[in-house]
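Q: Given the coordinates of chain A, assemble chain B onto it according to the supplied hints.
Chains as they are written, first to last, in my numbering: chain A, 1 to 412; chain B, 1001 to 1412.
If you're looking for bench data, these hints aren't it; they were derived computationally from the structure. Predicted model only: the values in this text are computed from it and were never measured. By construction, the Cβ of each residue, glycine as well, lies at the ideal position given by its N, Cα and C atoms. A couple of the hints might just be wrong.
[Unchecked claim] Straight-line C-alpha distance at most 25 Å; calculated SDA-like pairs for lysine to any residue: (1) B:K1087 with A:H61; (2) A:K87 with B:V1060; (3) B:K1087 with A:V280; (4) B:K1126 with A:R141; (5) A:K110 with B:P1091; (6) A:K87 with B:K1126; (7) A:K87 with B:R1144; (8) A:K126 with B:A1063; (9) A:K328 with A:V280; (10) B:K1126 with A:N143; (11) B:K1087 with A:P59; (12) A:K126 with B:R1144; (13) B:K1087 with A:Q142; (14) B:K1126 with A:V46; (15) B:K1126 with A:H61; (16) B:K1087 with A:L50; (17) A:K391 with A:E362; (18) B:K1087 with A:S56; (19) B:K1087 with A:G149; (20) A:K87 with B:V1051; (21) B:K1087 with A:R55; (22) B:K1221 with B:N1250; (23) B:K1322 with B:V1340.
[Unchecked claim] Label-pair restraints from in silico Cβ distances: (24) A:S205 with B:A1002: 55 to 63 Å; (25) B:S1238 with A:S205: 56 to 64 Å; (26) B:P1059 with A:G45: 20 to 28 Å; (27) B:R1141 with A:T381: 51 to 59 Å; (28) B:E1120 with A:I185: 53 to 61 Å.
Protein chains: 2
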Amino acid sequence: MARLVLKFGGTSVADIERIERAADKVEREYRLGHEVAVVVSAMAGVTNQLVDYCRSIDPVHDAREYDAVVSSGEQVTAGLMALALQKRGVPARSWQGWQLPIICDEVHGKSRILEIPPTEVDARFKSEEVLVLAGFQGITRQNRIATLGRGGSDTSAVALAAALHADRCDIYTDVDGIYTTDPRIVPEARRIAKISYDEMLELASLGAKVLQNRSVEMAMKNNISVQVLSSFEDKIGSDYPGTLVTNEENIMENPVISGVAFTQNEAKVSILNIPDVPGVAAKIFAPISAANIIVDMIVQDISEDGNVTSITFVVPQEDADKAETVLKELDLLKTSEIRVNKNVAKISVVGIGMRTHAGVAEKMFKTLADKGINIDVIAATEIKISVLIAKDYTELAVRSLHAAYDLDQAPA
Amino acid sequence: MARLVLKFGGTSVADIERIERAADKVEREYRLGHEVAVVVSAMAGVTNQLVDYCRSIDPVHDAREYDAVVSSGEQVTAGLMALALQKRGVPARSWQGWQLPIICDEVHGKSRILEIPPTEVDARFKSEEVLVLAGFQGITRQNRIATLGRGGSDTSAVALAAALHADRCDIYTDVDGIYTTDPRIVPEARRIAKISYDEMLELASLGAKVLQNRSVEMAMKNNISVQVLSSFEDKIGSDYPGTLVTNEENIMENPVISGVAFTQNEAKVSILNIPDVPGVAAKIFAPISAANIIVDMIVQDISEDGNVTSITFVVPQEDADKAETVLKELDLLKTSEIRVNKNVAKISVVGIGMRTHAGVAEKMFKTLADKGINIDVIAATEIKISVLIAKDYTELAVRSLHAAYDLDQAPA
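Okay, chain A solo, but in the shape it has when bound:
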């Protein structure tokens, strides 16, 4: 017997028929003798409708009232899920964030969970009754509803799993796991059986939008194994090989590279002919930062004659024009040339095996060179190497790297 938290996202509870199918899965886990808690999102489309209502009244609105409005979607699904379970003879009751309670901070609209008081949740969790929690929300110490931001129900689920000391948190979604790369680009992409928290965080920040990053951070901090699996298959978490996001100690053999990720929503900003004076980088990036633009992958060239330098960096594509405007206003850059290129892609290879294996970067650069793909900028962390290339080569680069690191083959 295990203690499980099952989370169903918006597409998994999109209508009454889908809620019934989700309840079937909960019932199956319950009949296996597990202790079960459920976290639900709003029915797909409901939250967007509620957000539209708020915005149509006032684009700049009181986030506390916004939270009161948009949190209602999960409340509805939680009640309906409890009814669907009761119909199946499974004792169940719904809990809203304020009832459990889920204590949140006052940053309405993107609140963070502060705590789930253990004595209270212990008193409310009964092994013979399924606890159904409305996701995405909690209550502040001022007794007002706060929501956790988009994808927040993942975080609700992991936080509940931590508070209940659950054995596993199963996230039912519309894909059946995390893949070595996007299967639409590389048909040979394989589902990853187990992946470490660190790798998942890198992949998520690179565009693999399966789990909310905060939920992964919380799972890592509390050492909760999270399984990603599809609600559209006739299987349940206890017998289904989704992708388990877990502590790397639980992964017997780490492949050197777990996956290849890519994003096409960034832009390259190059500044040429910068007077090479002390502190020049700080002078350039201070106003960029003040404009709330997040900078990634910075490279500074040392000039040949030592008088001028050039700097290249990457910003989100939507901020590229703003960055250009900010830079053009700098006295320091009056004589410099500023170039913005939105026609770029960032390709990354991620793997914790990289820490103990040499030659990963070399293989990446050689693979791309063999295909005639030019590398513009390089950035690396302990478990990730990213390169910026021309956008047209995205698919070729991803396919070549996927094959080069043997991701096409199942692990031995």
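A: Relative to the frame of chain A, chain B by itself:
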């Protein structure tokens, strides 16, 4: 400066545009210097949708979960109303039933308000901030949401008005007041300026479905004047002559008759040739009552020879067949004849002036007789006389009575 509670029903907040118009009215009262609280229903159609969701999962469902689901509609409107007021520069915040709190009993789905703790509501009501309450709901002592049944937002509004010692409770709806009779039948029908609680209760139970009866009872008990007015006119309660439902002491001159009401959803049941033994009425009505059928207007004829009697009574049309079945199973009535007539109408005249005026009943009977309308059954209370007639004569009877009691003319 007055303290006002304004309540907006479902059609008055049916969409964002209607919510904006309702907010305009609240703003106008606020700018006049009044202290204002607002109670809102769910946007028209929302509650039906939520009820359908619950029923489609299970026609027989846990009323506690049903309440958690259906109460969300008012929560949304309350938040949106607060946003619309804030946009107009009017400080406002929404409160849900559990936040204020509105304490309710555990009869989920048709709960009754037990109390609104005065010290808590006092602490939350600020004269410079509009308190926007989600109607139709409260919280039980078990910390679960309960709803008050259909039309319950009227009761929420009156209860809040009582807790705040408000000067008036304005109920904005889709009609502009209470009429002397249905204007679709009698074009000369006039809006009543003031009507007593007792008369309103009689009219409501006779089919004038403007206010929930419980809200009128609560207003009477707490001596809260309730004004019924239309949200579709460009006027507000402080300058608009709707209908004021109030203590009869506040009504200078009571007309003898305030209104003529009618219903066509009843059926007449006649039992002929009943053996006239002691306790016969009790033997007949005990099984009717056990079948949850509500009986009205009972008449027993004394037989000429003293051996047999006959009884006639009125039941809701939907229960008529059930009543017939129940009666046919009685040994006592083996030799009796049971007749059910669904082709009837109940016509009533209502007025507290009746208490001090003779001849009201006589005028009613004479007016109907003059038109050749036969009276089947008569029933009377202190302020109401009802007669049962053939359905075909409904309009003629209502028009004739409306004229006979001078309701066509404005009061002197």
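Q: Honestly, which of those hints from before does the structure not fit?
A: 3, 6, 14
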